[in-house]
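Undergrad: Line order of the protein sequences matches chains A and B. For the first sequence, this note's numbering gives the first residue as 1, with consecutive numbering after it. For the second sequence, this note's numbering gives the first residue as 94, with consecutive numbering after it.
For the record, the hints were derived by calculation from the structure and aren't laboratory data. Small disclaimer: the values here were computed from a predicted structure and weren't measured. Be careful, since some hints might not be right.
[Claimed, not checked] Stretch-level coverage of chain A by chain B, calculated; a stretch enters the list once three of its residues show a Cβ under 8 Å from a Cβ in chain B:
(1) 19-31
(2) 57-63
(3) 70-81
[Claimed, not checked] Computed spacing ranges between beta-carbons, pair by pair:
(4) A:R55 - B:H246: 41 to 49 Å
(5) B:D161 - A:E60: 26 to 34 Å
(6) B:T146 - A:K91: 21 to 29 Å
(7) B:A109 - A:E60: 22 to 30 Å
(8) B:G294 - A:A88: 29 to 37 Å
(9) A:E34 - B:E110: 25 to 33 Å
(10) B:R108 - A:E60: 34 to 42 Å
(11) A:E34 - B:L118: 40 to 48 Å
(12) B:R162 - A:R55: 36 to 44 Å
(13) A:R58 - B:S139: 16 to 24 Å
(14) B:E227 - A:Q54: 38 to 46 Å
(15) A:D41 - B:G269: 30 to 38 Å
(16) B:L190 - A:D41: 20 to 28 Å
(17) B:D299 - A:K91: 42 to 50 Å
No residue lacks a Cβ here, since even glycine has one placed at the ideal position from N, Cα and C.
Now for the letters of each chain:
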Amino acid sequence: MMMKFFNWLKPKKKKEEDVAVIIQFLQMLEMTDENEISCDDVHELLDQFVELQQRGERVEELMPLVKRHLDMCRECFEEYEALLAALAFEKTL
Amino acid sequence: MLNTRDNETWLKDLRAEGAQREAALDDLHTILLRVLPSALSRWLPSNSSHFETFIEDTAQETVLRVLDRLDSFQGRSKFTTWVYKIGVNIGLGELRLRKWKEVSLDGLEESNQRDKMPSERFASEAPSPEGMLERKNVIAMIQQVMKEELTPHQHQVMMAMAVQGVPLNVVAERIGSNRNALYKLIHDARLRLKGRLEREGLSPADLLAVFGE
């Protein structure tokens with residue numbers, strides 16, 4: 001498995017795609033911090049985060065750990081996007 | 094307009110007995126049936142044959158989980174926002190499991206399908222021959238660092254989740270773990286790799302610069 005992964009990482013047929021993977025990997029490392037919160041912690045705070053954001057508050061300052069996690073975690077980011085969509089629709093009811 | 098209750102009234106009605114509780118449950122279920130399609134249609138198109146059943150199942154499961162966790166609601170948001178949060182967590186979790194149901198994690202390195210990270214950007218075009226060589230060296234160095242720093246388990250999870258985009262809850266289900274534990278595992282792996290790069294006198298930003306980022 002490990003060697004397959006390394007082989008897969010090596011530029012071959014799809015060089016641009018492989019480079020994009022490396023870039024994504026390095027971006028993850030760049031954003032990595034000792035102090036990160038878990039998916040459960042983010043789930044706990046997500047409703048509050050989204051409502052603050054909708055009120056125009058500076059959520060990146062008020063809840064920086066949630067913001068950082070959302071930048072790093074695809075699943076939590078999708079839940080954030082879906083929650084935004086839910087609230088946008090609710091306003092139309 | 095179904096959502097005329099304030100937070101306190103939602104809690105009071107859902108904790109009541111008889112008709113008062115039934116009415117609140119019906120209203121909550123109806124609200125979810127209206128809102129969840131808009132929240133989740135990006136991940137499951139509304140013209141899908143499974144859409145209505147999926148929304149109904151998600152709404153029902155959401156109501157059950159809301160009742161189960163009612164005492165944990167602290168009123169830091171509108172009650173319905175808290176409910177939607179639970180609903181999208183259930184709905185997206187189920188959609189991820191369905192999407193990846195037939196995919197073997199061992200075969201992912203052959204796949205070209207990769208979900209993008211929220212912050213993902215792409216490389217600048219056409220490096221010089223010297224630039225190409227530098228990139229090749231960076232890739233080889235990263236491979237070496239990963240080989241030396243990570244456990245086989247960290248490798249496997251990182252490959253599946255962070256590189257190929259398999260959702261955490263899907264990996265967790267396959268290996269008998271949970272999303273939180275896997276996030277911590279990946280976090281530990283990222284810290285080890287970042288620390289190693291720092292000891293080598295490198296930063297991710299330095300290496301990204303090689304790729305024009």
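Undergrad: Now tell me, hint by hint, if it's right for this structure.
TA: Going down the list of hints, with the structure as the test:
1. 19-31: holds (count 13)
2. 57-63: That given contact is violated, which follows from only 0 residues of the segment 57-63 of chain A lying within Cβ reach (below 8 Å) of chain B.
3. 70-81: The restraint on the segment 70-81 of chain A holds, since 10 of its residues have a Cβ under 8 Å from chain B and three suffice.
4. A:R55 - B:H246: 41 to 49 Å: Holds: the Cβ-Cβ distance is about 43 Å, inside 41 to 49 Å.
5. B:D161 - A:E60: 26 to 34 Å: 33 Å Cβ-Cβ, so the 26 to 34 Å window holds.
6. B:T146 - A:K91: 21 to 29 Å: holds, 27 Å
7. B:A109 - A:E60: 22 to 30 Å: Violated: the Cβ-Cβ distance is about 40 Å, outside 22 to 30 Å.
8. B:G294 - A:A88: 29 to 37 Å: violated, 47 Å
9. A:E34 - B:E110: 25 to 33 Å: violated, 49 Å
10. B:R108 - A:E60: 34 to 42 Å: With Cβ atoms ~37 Å apart, the hint holds.
11. A:E34 - B:L118: 40 to 48 Å: holds, 44 Å
12. B:R162 - A:R55: 36 to 44 Å: violated, 25 Å
13. A:R58 - B:S139: 16 to 24 Å: violated, 35 Å
14. B:E227 - A:Q54: 38 to 46 Å: Check passed, 45 Å falls within 38 to 46 Å.
15. A:D41 - B:G269: 30 to 38 Å: violated, 22 Å
16. B:L190 - A:D41: 20 to 28 Å: At roughly 22 Å between Cβ atoms, A:D41 and B:L190 fall inside 20 to 28 Å, so the hint holds.
17. B:D299 - A:K91: 42 to 50 Å: holds, 45 Å
Of the hints listed earlier, those the structure fails to meet are numbers 2, 7, 8, 9, 12, 13, 15, in rising order.
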